[in-house]
Structures are given as C-alpha cells and as structure tokens.
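Engineer: In case you want the letters, here they are:
Protein chains: 2
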Amino acid sequence: MNVVCIGSGNVATHMAQAFKSSGAVILQVWSKHQAQALALASKVAATAISDLELIDQSADLYLILVKDSAIPEIAESLKSVKGLVVHTSGATDIRTLSSIRNHGVLYPLQTFSKAKAIDFAEVPLFLEANGESAMNFLRSAAASISSLIYEVDSEKRRILHLSAVFACNFVNQLYALSQDLLEHHGLEFDTLKPLIMETALKVQSAVPKEVQTGPAIRGDEQTMNHHLALLNDMPELAEIYRTLSNSIKKTHS
Amino acid sequence: MNVVCIGSGNVATHMAQAFKSSGAVILQVWSKHQAQALALASKVAATAISDLELIDQSADLYLILVKDSAIPEIAESLKSVKGLVVHTSGATDIRTLSSIRNHGVLYPLQTFSKAKAIDFAEVPLFLEANGESAMNFLRSAAASISSLIYEVDSEKRRILHLSAVFACNFVNQLYALSQDLLEHHGLEFDTLKPLIMETALKVQSAVPKEVQTGPAIRGDEQTMNHHLALLNDMPELAEIYRTLSNSIKKTHS
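Chains as they are written, first to last, in this note's numbering: chain A, 1 to 253; chain B, 1 to 253.
Just so you know, not all the hints are guaranteed correct.
Output of the computed footprint for chain A on chain B, the stretches with three or more beta carbons under 8 Å from beta carbons of chain A [what the hints assert, rightly or not]:
| hint | stretch |
| --- | --- |
| 1 | 14-28 |
| 2 | 53-63 |
| 3 | 78-86 |
| 4 | 111-124 |
| 5 | 162-168 |
No farther apart than 16 Å at their CA atoms in a straight line, the calculated lysine to aspartate or glutamate pairs in the EDC-like style are these [what the hints assert, rightly or not]:
| hint | chain 1 | residue 1 | chain 2 | residue 2 |
| --- | --- | --- | --- | --- |
| 6 | B | Lys249 | B | Asp220 |
| 7 | B | Lys249 | A | Glu236 |
| 8 | B | Lys114 | A | Glu210 |
| 9 | A | Lys193 | B | Asp119 |
| 10 | A | Lys79 | A | Glu53 |
| 11 | A | Lys156 | B | Asp51 |
| 12 | B | Lys250 | B | Asp220 |
| 13 | A | Lys114 | B | Glu210 |
| 14 | A | Lys114 | B | Glu198 |
| 15 | B | Lys156 | A | Glu188 |
| 16 | B | Lys79 | B | Glu53 |
| 17 | B | Lys67 | B | Asp93 |
| 18 | A | Lys32 | A | Glu73 |
Computed Cβ-Cβ distance ranges for the label pairs, DEER-style [said to hold, decoys possible]:
| hint | chain 1 | residue 1 | chain 2 | residue 2 | range |
| --- | --- | --- | --- | --- | --- |
| 19 | B | Ser154 | A | Glu221 | 56 to 64 Å |
| 20 | A | Gln57 | B | Ala121 | 58 to 66 Å |
| 21 | A | Asp51 | B | Glu183 | 43 to 51 Å |
| 22 | A | His185 | B | Lys67 | 24 to 32 Å |
It should be emphasised that the hints constitute simulated quantities derived from the structure, not laboratory data.
The structure presented is a predicted model; accordingly, all values stated were derived computationally and were not measured.
C-beta: ideal position from N, C-alpha, C; glycine also.
Work out the full structure, taking the sequences as your base and the hints as a guide.
Structural biologist: In structure tokens, the structure reads:
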C-alpha cells in the first residue's frame, strides 16, 4: 500500500509511523512548513514536499492530517486522485470531502505528543466511508495499524470527539489547576502523580459513578466549606469547585 | 511493632494489610460493625472488636481510620494510651488529637477501593507529630510501608487534600459525565479508556499546561459552538463545558 501523508503534526507523526511499521510505503509527506515535512519524511523514508501540486496522484491512500479549518483547501487539491482520501478529524463531517471520488474518515481517539511513543495497536479508530468498496479498503488499512476498529457516522463521531474533550482536555485542565494550587502553597505536583494514575486505572475496570469518593458524594458540607474558604484568593478554582461538586451531588442524588 | 487498627473501610483495609506485610503485628481491628471488623481482622490475623473499651492499651501504634466526623469520639477513648495515636485524614487538624500524649497524622494521598490491590510502597504518606520522639517513631513506621514520605503541617495537608479533590474526585466526575454523554447517544465508554490512561500517563513526565490540546487552547470557537449545540439537551454538561473551556483559555492567555 502506497500512502501520502498530508500534515506533519503530532497525529501525522504517529499515524505515518504506524503505517510505515505495518509495511506500507509512505511515498510523500506534505507540510507547508518544509522543515517539518523533512523531519517527518526522514522518519518514514518518504519524500518531503511543501507544494500541494507535487502530490503523487497514484497513491492508494491519502491521509489528511491538518487542522480542521485547512481540510477544505487540501480536499480541493485532491479532487482528481483515484485512491482513497480520508481526513482524521473528530469534529469534521465526511461531506467536507464529497468532491473526491473515494473518501472517508479515519479518526483516532487518542491524545498524541511528538515526544511520547504510543502503541498504535491500542488506539481506537473510528471509520466512515462513502460506499462499500471505500469502506472495505479503509477497514483493511485501519486493521493494519490498530486492533480497535469501529464504524460510526459523522454525528456519532462528533459525540466521541466531545466526550474526549471532557475526558482528556478538561481532565488535563484539572491536573493543571491542581498544580497551580499546590505550587501556590509551596507544594509539589509530583506528590499527586500516583493518585492521578490510580484514578485513571480504576475506571479501566469499574464504572466511574460507582467508584466516586470525596466530600461531595458524602454530602460532607463542612469539608466543602473549608475547601471553599481555602480557595478564597483563587476565585476561578472556587467556581470550578462549586460547579463540579454540584454535578457530583446531582449525579448521586 | 504492635498495631491497633480503628476502622475497617477502604483505607483501613489497605493500610492494615501494608503494615501486616511489613512485619508488624496487628493486635486488633475495631469497627462498630462487627461483621466488617471480622472481615478485616481475618485478613491480618487480628482480633475483631466492636467495643472501644476493649482496645488493647499496650500497642505501639493506633491507626484511626474512621470518617472525619468520628475522629473526636475515637480520640476520647484513647486518651490514656502510651503508644502513638495517629489519624489518617487529609482534612482534619492534628489538634483534634491533642488530649493524647503521643499523637500525629499519617495521611495517605491515594484513592483506595476494597476490590483493587495497590502497591502501598508507592503511596505518598504525609506525616505530622507532636514532638520529636513521636515524629521519629512515626517516620520509621511510615518508612516500613512506603518509600514516599513527606512531613507537612495541618494547613499544607489540607491543601493536598483539596488538590486531590480536583485531580481525583472531579476528574472521576468528568469520566462519569463522558460516560453519560456517550451512552445518551448509544456509544460505549470503553472506547474512551485508552485516552483516559494516556492523559494520566502524559502528566507523569510532562507539565499539564504544556501538553494541553483541544478546541479551547486553540481558540477554536467554531468547534466549541458546535459542542455546545450538541449539549443543548444536557444543560449541566453545557455549564461544565463553558466553565472549563474558559478556565483553559484563561490559563493560556
């Protein structure tokens, strides 16, 4: 399978390497930033290009791995290719690619950092395609890099993307606020790390609601009032404390 | 070292077993619920009691592992013991035990479930004691069950406890809300589990602020508006979405 990789960010880096490891040939890596195209191209033995007009028209699979707002422009430049063109965005409708003969979506539900390796075989992939032959090809391409394959339409994919904002972006913000709070009082974030791991580990096998602990679920108003008093000089944290404590109470009422 | 364990909940179960494994003798397990006292006592080869007057007066260490509001009553019944009496609460001042000659605090910063084993050696323990000899004894007792030992006063311990509410209880609530959202749309929480693990793993070596992703940090108002529209029939989630998105924007402004 010959692949063209359009984009060179975090997702592009991990997905291009996963395809390369599965035995695919990465023909080209495109980025409007030539240095970034070169950096990724060298990792996957591809040619770096920074002009969309130089894209190889004969590839089997085109991976669009750019930010959401840039997808329409990329799609425009791939209108005449025969291979399958997929974007990888959780929030973008498949119809954004409707001017392309064979098109689809390959959405990885995971957070990627360039610096951190990830086992792509355990990244859930959500597929959509315009027609059966496109889906058959996409399914086999996806199965070559991951064992967690699902088929969902654009509407459900948007819900998955939104749930990931809660379970990843918002969770990470709570980690950041915890760090602010600790450092504000001369304490170190390091001491929270085992708790953070255990909290995530616990819900791998338990239902989150059933393992909730802390003052809000106990209805321990005295401790909650103490906590709010401690947040007197951090009004933003106090607001989040109130909002999420109320949410816990409501979930368990 | 002879230990009396007062309480039989999640923390009591894990801490009593950790002391037992370190070579300590657990003399007694007290609980006002006899069946619970028996269940834990049988795990650590101790005698189960449900009457505070039966507590052995000659132990080296008394662990108070009951809910915060019950600590004063327990303390009252231990007034005349010579051994070290510690409570294990993040939110309770050391002075709650001031009527006892040798007293202190042994606060484990971790979330415990009875059903899930935990490596106690990696549970951070925060110590406080009334005087040097009490602290020396507490330090060596704590070092027998964990390699992560810190000394903090009651004020700092309260901040640690509060930070744990953000990084554990509130994070778990976000997991619960993600599950609600997915199931509301016929999707499964299982698909989020790899993302949840990776999000927690990432901050073991990176600063949370520096690995934030998603629409709020990108200032992607279009995606955020789409998300809020998707939450039209879940106003509680919409409020949390707004509050935490604003917090991310503020952190990164």
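Engineer: For every hint, state whether the structure bears it out.
Structural biologist: The hints, checked one at a time:
no. : hint                              : in the structure
1   : 14-28                             : violated (count 0)
2   : 53-63                             : violated (count 0)
3   : 78-86                             : violated (count 0)
4   : 111-124                           : holds (count 8)
5   : 162-168                           : holds (count 7)
6   : Lys249(B) x Asp220(B)             : 11 Å, holds
7   : Lys249(B) x Glu236(A)             : 12 Å, holds
8   : Lys114(B) x Glu210(A)             : 12 Å, holds
9   : Lys193(A) x Asp119(B)             : 14 Å, holds
10  : Lys79(A) x Glu53(A)               : 12 Å, holds
11  : Lys156(A) x Asp51(B)              : 57 Å, violated
12  : Lys250(B) x Asp220(B)             : 14 Å, holds
13  : Lys114(A) x Glu210(B)             : 12 Å, holds
14  : Lys114(A) x Glu198(B)             : 13 Å, holds
15  : Lys156(B) x Glu188(A)             : 11 Å, holds
16  : Lys79(B) x Glu53(B)               : 12 Å, holds
17  : Lys67(B) x Asp93(B)               : 14 Å, holds
18  : Lys32(A) x Glu73(A)               : 12 Å, holds
19  : Ser154(B) x Glu221(A): 56 to 64 Å : 20 Å, violated
20  : Gln57(A) x Ala121(B): 58 to 66 Å  : 59 Å, holds
21  : Asp51(A) x Glu183(B): 43 to 51 Å  : 46 Å, holds
22  : His185(A) x Lys67(B): 24 to 32 Å  : 25 Å, holds
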